[in-house]
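The hints should help you fit chain B onto chain A, whose structure is shown.
Each chain is listed here by its residues.
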Amino acid sequence: MEQKTSIKEKLNIITLWITGAAFASAFITLVIFNKAMIQKELAWNLTILSKVMATNVDSSLVFLDKVSAHEILSSLSSNPSIVMGCLYDKEGNAFAAYLSKAVDNLSCSPNMDKSNSVTGTSYISHIQPVVLDSETVGFLEILIELKLFDFQVQKFALVTFIIFLCTLLIVFLLSKRLNKIIIFPIFSLLNLIKKVSNRKNYSLRAEKFDNDEIGDLIDEFNIMLSQIEKHEKDLEFQIKERTQAEEESSKTKEKLQIYSAELERSNDALRDFASIASHDLQEPLRKISMFGDRLNDYAEVLDERGQDYLKRMIGASERMNILILDLLEFTRVTSAGMKFETVDLNQIISEVFSDLEILIDQTEGKVEMKGALPILPADKLQMRQLFQNLIGNSLKFHKEGEPPLIQISSLLTPKGNWEIKLRDNGIGFDIKYLNRILKPFQRLHTREKFKGSGMGLAICQKIILRHGGTLTAISSHEQGSTFIIVLPNKQPAKEESESLY
Amino acid sequence: MVKKFLLTFKFYTVLLIIACVLFASVFKVSASSRELRIMAGFLYNFSKYVQWPAEKFTNDKSPLIFCIISKDSFVSIVEETLKGKTTQGRRLITQSRKRTDDLKSCHLVFIGFREQESAGHVWKFLPGSGVLTVGRWGKTSNAKVIINLIKDKNKFKFAINTNAADQANLKIGSKLLKLAVQ
Numbered sequence: 001m002e003q004k005t006s007i008k009e010k011l012n013i014i015t016l017w018i019t020g021a022a023f024a025s026a027f028i029t030l031v032i033f034n035k036a037m038i039q040k041e042l043a044w045n046l047t048i049l050s051k052v053m054a055t056n057v058d059s060s061l062v063f064l065d066k067v068s069a070h071e072i073l074s075s076l077s078s079n080p081s082i083v084m085g086c087l088y089d090k091e092g093n094a095f096a097a098y099l100s101k102a103v104d105n106l107s108c109s110p111n112m113d114k115s116n117s118v119t120g121t122s123y124i125s126h127i128q129p130v131v132l133d134s135e136t137v138g139f140l141e142i143l144i145e146l147k148l149f150d151f152q153v154q155k156f157a158l159v160t161f162i163i164f165l166c167t168l169l170i171v172f173l174l175s176k177r178l179n180k181i182i183i184f185p186i187f188s189l190l191n192l193i194k195k196v197s198n199r200k201n202y203s204l205r206a207e208k209f210d211n212d213e214i215g216d217l218i219d220e221f222n223i224m225l226s227q228i229e230k231h232e233k234d235l236e237f238q239i240k241e242r243t244q245a246e247e248e249s250s251k252t253k254e255k256l257q258i259y260s261a262e263l264e265r266s267n268d269a270l271r272d273f274a275s276i277a278s279h280d281l282q283e284p285l286r287k288i289s290m291f292g293d294r295l296n297d298y299a300e301v302l303d304e305r306g307q308d309y310l311k312r313m314i315g316a317s318e319r320m321n322i323l324i325l326d327l328l329e330f331t332r333v334t335s336a337g338m339k340f341e342t343v344d345l346n347q348i349i350s351e352v353f354s355d356l357e358i359l360i361d362q363t364e365g366k367v368e369m370k371g372a373l374p375i376l377p378a379d380k381l382q383m384r385q386l387f388q389n390l391i392g393n394s395l396k397f398h399k400e401g402e403p404p405l406i407q408i409s410s411l412l413t414p415k416g417n418w419e420i421k422l423r424d425n426g427i428g429f430d431i432k433y434l435n436r437i438l439k440p441f442q443r444l445h446t447r448e449k450f451k452g453s454g455m456g457l458a459i460c461q462k463i464i465l466r467h468g469g470t471l472t473a474i475s476s477h478e479q480g481s482t483f484i485i486v487l488p489n490k491q492p493a494k495e496e497s498e499s500l501y
Numbered sequence: 001m002v003k004k005f006l007l008t009f010k011f012y013t014v015l016l017i018i019a020c021v022l023f024a025s026v027f028k029v030s031a032s033s034r035e036l037r038i039m040a041g042f043l044y045n046f047s048k049y050v051q052w053p054a055e056k057f058t059n060d061k062s063p064l065i066f067c068i069i070s071k072d073s074f075v076s077i078v079e080e081t082l083k084g085k086t087t088q089g090r091r092l093i094t095q096s097r098k099r100t101d102d103l104k105s106c107h108l109v110f111i112g113f114r115e116q117e118s119a120g121h122v123w124k125f126l127p128g129s130g131v132l133t134v135g136r137w138g139k140t141s142n143a144k145v146i147i148n149l150i151k152d153k154n155k156f157k158f159a160i161n162t163n164a165a166d167q168a169n170l171k172i173g174s175k176l177l178k179l180a181v182q
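If you read the sequences in order, they're chains A and B. Read in order, the letters of the first sequence correspond to residues 1 to 501 in our numbering. Read in order, the letters of the second sequence correspond to residues 1 to 182 in our numbering.
Any given hint might turn out to be false.
Chain B stretches covered by chain A per the calculated footprint, using a threshold of three residues with CB under 8 Å from any CB of chain A [to be verified]:
hint, region
1, 45-57
2, 68-79
3, 84-98
4, 155-169
Calculated pairs, DSBU-like style, for lysine-lysine (alpha carbon to alpha carbon, straight line, at most 30 Å) [claimed, not checked]:
hint, chain 1, residue 1, chain 2, residue 2
5, A, K240, A, K251
6, A, K101, B, K175
7, A, K51, B, K175
8, A, K90, B, K157
9, B, K178, A, K101
10, B, K71, A, K90
11, A, K366, A, K432
12, B, K83, B, K178
13, A, K90, B, K175
14, A, K90, B, K144
15, A, K90, B, K83
16, A, K8, B, K85
17, A, K51, B, K171
18, A, K421, A, K432
19, B, K83, A, K51
20, A, K370, A, K415
21, B, K175, B, K85
22, A, K51, B, K71
23, A, K180, A, K200
24, B, K178, A, K66
25, A, K4, A, K195
26, B, K175, A, K66
27, A, K8, A, K176
28, B, K104, A, K66
29, A, K66, B, K155
The set of hints was computed from the structure by calculation and includes no laboratory data. Just so you know, even glycine gets a beta-carbon here, dropped at the ideal spot from N, CA and C.
Just chain A, same shape as in the assembly (with noise of 0.2 Å):
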């Protein structure tokens, strides 16, 4: 497992680091420089001790006076670091010489070739040519020990060291106060988003303690804060209203499950109902109209008015079977639907003409198709039925004395669907009785006046439904009537929608 080291530790280390290299490399060229100064200082110290002594010496060298030599040079005595000095003719034999008592293995060494200054381990010689009106007459060797030099560096260094070390104490803790400044921060801030990240609460905000960018940071992340509460006050709000929602729209889907399976159910049943109404209406109408006609052979025996019930008896009947068979027609139209399948609505308009040629002779109509009908997916015989119906409309409400004039056209709407307008100049009808000519059995003549069961539009109308089309009508009264039918050009890929007209 790794050691985790904290921020505050790793600055202190910084603080440490930095500084000791600094104090370090600052102690290392202190105390060269202060070797250097002290070396040089010694070497001109040497070298202005030596010019002095050569001067005292030139009278004592050039009149070969050793004692008063040896008394000059024995002042040397009076500086404990000069171990020797030698004063030696201008041939380089030693003349004179002073020995410090510390040093025993020394010895003046005539060797001229000696550069100005020598420096060796332990020592540093100078030797001075003693100079008489411009003529050398002898050289001076004075010779330095650098023991007490090595000394006076080794107490600066140590001094400079001792120095250095309390510095860097002082830093350290001084370090470890100021470090406060930007740990404290960081800490709060540590501790905050711990809470956070452990309550899951995210009203909590971090304390700012200065503008720096620690103090940016915790800006920023009390921004981010607000921003996460915010989301979660949405999040949690969407998911209540979703979940509300979804509860009511499953609601809403059971009611409307329950509803459907009723409706078809009633659907179902009202379909049944038809049928077996119609079939068994039929039954006892067929024996009405049976003995009806059957009664009719005993004609003589009714007088005028019984003849008339009887008349209209069997009129009932008939009508009472077109009733019913138009009801059966209705309600198969759903029941007894066809696949859907290419239909060409030309052919099928030149079928129904033909189908209805008896009529339009009768009534001298015309027909004019205005441009070609489209093909589309379709019920055929349901299509023949429709128009057979509209057609079949428009000739029986022609006015009187105009002959009927049907008007055929197509065209295909932006949104992709055929729109067929059948307009005739019949005697039209007041637009507001639109909703009831559409819905069974609902007329608005007389039956005198023009035959029916009031079932055409209504069939007319639920075959478009079950093709996923609509039927309206313009029209006013004595001004004919114009009927839209909009079918899909294409079908759902369900071929068959389950309508519940």
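Okay, now just chain B, sitting in the frame of chain A:
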């Protein structure tokens, strides 16, 4: 026979004595020659520490004249020592003089050991003349020179008569005075 032997013996003895004397004399000569060199060196070095009055020189380049009243050999030794050397930027000239000569043109006059009797004469003429007199008297007290060379235990020393130097208008350097025997 015996006589002949004795004669022969005497002859060899004489020869031996002569050889010894010769050897000794040769040795003595070489030793005194060393001394003379040292003395010549001293004369040269004295000139370094003495300041002559300006009127003793006609110009900055005029030479410093060493007048030697001594044996010929010392003159040549001094000449040899001073050859090519300068003092205070001046050439050095060695001249051999007799005690009767006029010595006022000299800057330094050396009176040899054997010329001591003539020193009185020299002494008489030189005060105030800016001439440094150097000699070899056994005793300093009655020395008739400014700087008296003394040989002590095979070492040369010197004594300075500061009064005489003052009279001669000469300034003797302190370093020289310091080394001088009291």
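Cross-check of the supplied hints:
no., hint, verdict
1, 45-57, "holds (count 3)"
2, 68-79, "violated (count 0)"
3, 84-98, "holds (count 4)"
4, 155-169, "holds (count 4)"
5, A:K240 to A:K251, "holds (16 Å)"
6, A:K101 to B:K175, "holds (29 Å)"
7, A:K51 to B:K175, "holds (16 Å)"
8, A:K90 to B:K157, "holds (20 Å)"
9, B:K178 to A:K101, "holds (28 Å)"
10, B:K71 to A:K90, "holds (29 Å)"
11, A:K366 to A:K432, "holds (28 Å)"
12, B:K83 to B:K178, "holds (28 Å)"
13, A:K90 to B:K175, "holds (19 Å)"
14, A:K90 to B:K144, "violated (33 Å)"
15, A:K90 to B:K83, "holds (17 Å)"
16, A:K8 to B:K85, "violated (84 Å)"
17, A:K51 to B:K171, "holds (25 Å)"
18, A:K421 to A:K432, "holds (20 Å)"
19, B:K83 to A:K51, "holds (28 Å)"
20, A:K370 to A:K415, "holds (22 Å)"
21, B:K175 to B:K85, "holds (21 Å)"
22, A:K51 to B:K71, "violated (40 Å)"
23, A:K180 to A:K200, "holds (28 Å)"
24, B:K178 to A:K66, "holds (13 Å)"
25, A:K4 to A:K195, "holds (20 Å)"
26, B:K175 to A:K66, "holds (14 Å)"
27, A:K8 to A:K176, "holds (8 Å)"
28, B:K104 to A:K66, "violated (35 Å)"
29, A:K66 to B:K155, "holds (10 Å)"
In the structure shown, a violation is registered for the earlier hints numbered 2, 14, 16, 22, 28, in ascending order.
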